[in-house]
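Asker: Given next are the chains, with one letter for each unit.
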Amino acid sequence: MEAGTTIVGNILHVVLPDSQFSNSFDAAALKADAVQLIDANEIKGVKYFLADGAAWNSQSLAVINGISKIATKKGVQSDLSEMPLGVSKILALSKSAASDVATKSGPSSFNLFEALGEQVIEAWRDVKETSSFLVDASRSFGRLFTGKAQYQRSDLSLFIQATGPQALIIVGVVNLLLGVILAFMGAVQLKLFGAEIFVADLVAFGHTREIAPMMTAIVIAGRTGAAYAAQLGTMQVNEEIDALKTFGFSPMDFLVLPRMLALALMMPLLVLYADALGIFGGYLIGVYTLDFGHMQYIVQTQNSIDLTDILYGVFKGLVFGILVAVIGCKEGLSSGRDASAVGDAATKAVVNGILAIIVATAIFSVLATALGI
Amino acid sequence: MTTSDTAISIQNMTMAYGDFVIQRDLNFDIRKGEIFIIMGDSGSGKSTLLKHMIGLKRPSSGTVLYDDMDFWAASESERKLASRRFGVLYQSGALWSVMTLAENIALPLRTYTDYSEKDITDIVALKLSLVGLAGFEGFYPSEISGGMKKRAGLARAMALDPEILFFDEPSAGLDPISAKRLDDLIIELRDGLGATIAIVTHELASIFAIGDRGVFVDADAKKQTALGKIDDLRNAPPNAKVAEFLNRSAPGST
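In the order they appear, the protein sequences are chains A and B. Here the first sequence stands for residues 4 to 376, numbered as in my numbering. Here the second sequence stands for residues 251 to 504, numbered as in my numbering.
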């Protein structure tokens, strides 16, 4: 028997071809053919056959299901007697199992204003949650000084190791190159005024006050903030945080505090290190490309900044470190309980972390200008 | 029955996520020294009920009493004190993955007792040997099998000699032999320690083997539909769903 549709008497014969997951037969065309024949003719029944030597699989079943659904609507009976026994059994099962009708609707259509509104509401909720988390975290910080906070000292040294020494290479490379970029960029503009020596001022002043704290914090947000969110998110999935709570441990003291402390201790040091490397990057360009003398560049650098500038940058680093730690931990602790939720938590930790760093930088700039720092 | 026989009392408790009610008007007592089974069909909120009983979730209404102490009306420090009196075995074991088995068990002991390190080491070894894991002190949770994780989780749950032990689906994911061994262990612990045991499970073999009394929470009715001795529930089920559940028969058949 050849695959296809024929009418014998007032019975429609549908012959299904072999369908070993190949594209050789067009299921949609066969179905459309059959439906059209049912529409156009006085059909009493539909009888299904398999082509000679053909095997059946889920595709055959889907074709039969599609045709018989339309046929049943028109009161036309389906006849599976020529098909293998398995076909009628599986089809019967699919009908009986349909009693548990799923009610969940699919994704609703996209509406720009709705999506925008949802984003705004969610962002606002994020801000509120993070603020209240920050308050809880500072309470935990207070408990640290009264000696009531329960956490493991060994955890703290582990986190310090991971956020400080292990970040030296990436933080160093990024800041060295930023110093280089700053020097090149400044040289091009300052040359117009014949004031190239002020490259040293630009690098020293710009790097210690703004670039070093901000870029170091961004690197740390991507490195450590994401790691914190993923660690705590995985612990959430694994019920480890529930287990801590039922033993009377506060996740805030036990998990968040050592991480926050580690970043609060390490970020100022990393910023100092970043300052040095950024200035060194500027020095390399100043001396080897712009042909300043060694001492000339160093003296110019010394004159351009004082301790206040360095401390201002270091203090910003401390604040950014706490922000990154708090946001990373908050996203981890409020993570859902599956793998994709942990991924989302890590993403949000980085995105919100960077956003918080930029917003805080802007606030610092306004305050510093107002206070004349 | 006097209240002093009651370890936990759930009174008119309703559980909900926001407006979505999971179970309403739950009422049952767990008596001291018994093995109490919380059973129900999938989606009925049995694990959520357990979370409400161990203080992880606050009921939207109703009370949870431990020895006449209203858990959610108490202060946070009282709640922490009360929660030290119970141990929980989580579905996946929930061992702290950055610590070895010994550290997992030792952490609550180091925090809440004044024992010396030597004593703690001995206690840890004892607890591990109770669950058949003697010598596994130095292993990390990722280095042992799922069944061993559960047993190690049980050793940790027993670290502070709790009066009440909670089990969330103890036999889920275990082969029949390991599941049977865990059941035997639960009975021995009850007899040996005199602990009260509350188990969330739908494993019929376990329910009949170790359960004294139980409650059935129904996913469709969103309330408890049976409460009493397991044998009574099996022999004279109060409704068709409980009969189907306990006799493993399909809906509608008898």
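One or more of the hints may lead you astray.
Claimed, not checked - List of simulated lysine-lysine pairs, DSS-like, C-alpha gap at most 25 Å:
| # | chain 1 | residue 1 | chain 2 | residue 2 |
| --- | --- | --- | --- | --- |
| 1 | B | K430 | A | K248 |
| 2 | A | K131 | B | K472 |
| 3 | B | K479 | B | K330 |
| 4 | B | K307 | B | K430 |
| 5 | A | K248 | B | K491 |
| 6 | A | K248 | B | K330 |
| 7 | B | K491 | A | K98 |
| 8 | A | K131 | A | K98 |
| 9 | B | K430 | A | K151 |
| 10 | A | K47 | A | K72 |
| 11 | B | K491 | B | K472 |
| 12 | A | K92 | A | K131 |
| 13 | B | K330 | B | K307 |
| 14 | B | K473 | B | K430 |
| 15 | B | K491 | B | K282 |
| 16 | A | K131 | A | K72 |
| 17 | B | K473 | B | K330 |
| 18 | B | K282 | B | K307 |
| 19 | B | K479 | A | K248 |
| 20 | B | K330 | B | K282 |
| 21 | B | K479 | B | K491 |
Because the hints were derived from the structure by calculation, they are not lab data.
Asker: Please list, smallest to largest, the hint numbers that this structure does not respect.
Answerer: 1, 2, 3, 4, 5, 8, 9, 12, 14, 15, 16, 17 and 19
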